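Spelled out from the first residue to the last, the chains are:
6 protein chains.
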Amino acid sequence: MKKIEQLIRQRKWANGKLIQYNSQVFKAISELEKVTFRDGALPKKVKELIAVGISVVNNCESCMQWHISEAVKDGATEREILEAVEVAFEMGIGPAVVNGRFALEVMDELFKKSPE
Amino acid sequence: MKKIEQLIRQRKWANGKLIQYNSQVFKAISELEKVTFRDGALPKKVKELIAVGISVVNNCESCMQWHISEAVKDGATEREILEAVEVAFEMGIGPAVVNGRFALEVMDELFKKSPE
Amino acid sequence: MKKIEQLIRQRKWANGKLIQYNSQVFKAISELEKVTFRDGALPKKVKELIAVGISVVNNCESCMQWHISEAVKDGATEREILEAVEVAFEMGIGPAVVNGRFALEVMDELFKKSPE
Amino acid sequence: MKKIEQLIRQRKWANGKLIQYNSQVFKAISELEKVTFRDGALPKKVKELIAVGISVVNNCESCMQWHISEAVKDGATEREILEAVEVAFEMGIGPAVVNGRFALEVMDELFKKSPE
Amino acid sequence: MKKIEQLIRQRKWANGKLIQYNSQVFKAISELEKVTFRDGALPKKVKELIAVGISVVNNCESCMQWHISEAVKDGATEREILEAVEVAFEMGIGPAVVNGRFALEVMDELFKKSPE
Amino acid sequence: MKKIEQLIRQRKWANGKLIQYNSQVFKAISELEKVTFRDGALPKKVKELIAVGISVVNNCESCMQWHISEAVKDGATEREILEAVEVAFEMGIGPAVVNGRFALEVMDELFKKSPE
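Residue numbers (the working numbering), protein chains in the order written: chain A, 36 to 151; chain B, 36 to 151; chain C, 36 to 151; chain D, 36 to 151; chain E, 36 to 151; chain F, 36 to 151.
In case anyone wonders, no lab produced these hints; they're calculated from the structure.
Among the hints, a few may not be true.
Claimed, not checked - A few chain B residues that don't get close to chain D, going by computed Cβ distances all over 10 Å:
1) Ile39
2) Gln41
3) Ile43
4) Asn50
5) Ile54
6) Asn57
7) Phe72
8) Pro78
9) Ser104
10) Arg114
To be verified - For the chain A half of the interface with chain E, some residues (derived, Cβ under 10 Å), not all of them:
11) Ile54
12) Tyr56
13) Ser58
14) Gln59
15) Phe61
16) Ala63
17) Ile64
18) Leu67
19) Val70
20) Asn94
21) Cys95
No experiment lies behind these values; they were computed from the predicted model shown.
Just so you know, even glycine gets a beta-carbon here, dropped at the ideal spot from N, CA and C.
Generate the whole structure from the sequences, applying the supplied hints.
Below is the structure:
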């Protein structure tokens, strides 16, 4: 797929640019990434699946491409990745429902009676 | 409800402060608000219901409080407001599902076979 | 427009893929969509206009394409859709202004005097 | 903790209200939640950990409270939950870095020379 | 770069369309923009750099293109723009870390003991 | 103000907890913060003002409290902070307007005629 190749090329170019700038901020981010995604109490594979779910919610295509690839390298099956994506689908609705609770409270205050 | 009163008091205080600062930006925002929420091709009530839906998705409690109150003043019923909130619930999931399409493409590329 | 066609094609492909996976999560999402967008206290057209406003705020192009098309099928005029989009423009600023209230409180605490 | 109890009470109240309204949208959301969080290719515990990570990124406190509790019921240890939270920390920076790539491209275009 | 030219062309087309619609909302937004980005206590250049940082966090490519160009016109150097982008990188992580504090509180409640 | 004190206390508690966990991820984040907010091509004060603007857009109250305080320590005046907040107000509307451009394209396609 052309889009995937483009993402990979763009990532390489931008990272190269940041190294060329000798960006200390980029160096600290790279260190942060390294210490996050390594086996710990959770195996790296599970961490990558968490990252896949977050990438979908964040709509970060470059992150999806990266963390799905990493999850596959770590042995994740197609069905396991699908289920991480499905959790992200469900979680998309979570904040809306939670935020909506306050709307219900405002309505309750304004209508001060049992629902129609 | 105490939270609602607090929101209203905080809004009044902050708006008063911005007027005290003689903020031209705040003045332009007030003008923007005024020209947006008036009867047009859509009646103000429908615009307020659109704003209720957006407030839930944005998790802006002060906006929910304001636009639900305005919608009620414009004649919206409890059930109509509920349905605007329900659209927001459903729309919470929309971007996650749309974003997830790219995850499916990456998976398709990596597994290059029919689903397990 | 090529982009619109691409969105439609990508949506069909991804939905087909999720059906092929026999995703129960996708089935539940489809049911959710169906029960949300039907005539109720609010006509479907108004619900679609609420969804158009939310799509703009969410920057969900696929959602914009879908809900604008549905609104048009339900009889929405160009001017009505424009006004739903305008509400979304205005609401973009809402959360920033509301969030900024806390910044004003922090400033008030730190400067503890009338504005300069 | 008082805040946690409040969240739980608010969730119960709001869900009760939605049932009282006989909201078909809420019913479909409940079904969606049920089919998402059950053992599949991934055990429910891993799905809950993915949801914990997403809750942090989404700043959904009610979701954090729920999914951390569920993860603990499913046997997750404190350290495992911490690592899910740590992935969310790292992923917070992901989109900013990815978005920033375009800023680098614009700079490249404008300065059309090697970095200073 | 083709993408930058496309953004500029799309912006011109959309603005032209909104003027053609005689959108009062668009007029108010233009006024808002004008009063915001002018020399004040902060020089316009610094305001443009703040806008660059926000554009990266918001993933608004059209905004990045515009505000970087404006900053350059106002005399910003490549290194100054880079540092505004770097602040945005760092700030991407801020909300995740702050949100995660509540996750730590929930964990504290559930494990009610010193960390493992 | 009680809320500000609470934020500060919560931040201290959470940071202490993360240190107690010996979180390597938290250490990397602290390093990242340190290298970002120091004098460079831009003085630290300007970086703090950029961070104030981003905090408002991100609705990160703890970040607002921190970066406004830091900006004041670095010599920022009340009016300078206000103007950073005003830029954030204006930028709230930016993405909505940019996202809305696609809505205009879809409308253009569907109505294929000059505006009503």
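Results of checking the hints against the structure:
no.: 1; hint: Ile39; result: 14 Å, holds
no.: 2; hint: Gln41; result: 15 Å, holds
no.: 3; hint: Ile43; result: 20 Å, holds
no.: 4; hint: Asn50; result: 25 Å, holds
no.: 5; hint: Ile54; result: 31 Å, holds
no.: 6; hint: Asn57; result: 33 Å, holds
no.: 7; hint: Phe72; result: 26 Å, holds
no.: 8; hint: Pro78; result: 24 Å, holds
no.: 9; hint: Ser104; result: 18 Å, holds
no.: 10; hint: Arg114; result: 8 Å, violated
no.: 11; hint: Ile54; result: 13 Å, violated
no.: 12; hint: Tyr56; result: 6 Å, holds
no.: 13; hint: Ser58; result: 6 Å, holds
no.: 14; hint: Gln59; result: 8 Å, holds
no.: 15; hint: Phe61; result: 8 Å, holds
no.: 16; hint: Ala63; result: 8 Å, holds
no.: 17; hint: Ile64; result: 6 Å, holds
no.: 18; hint: Leu67; result: 8 Å, holds
no.: 19; hint: Val70; result: 13 Å, violated
no.: 20; hint: Asn94; result: 8 Å, holds
no.: 21; hint: Cys95; result: 9 Å, holds
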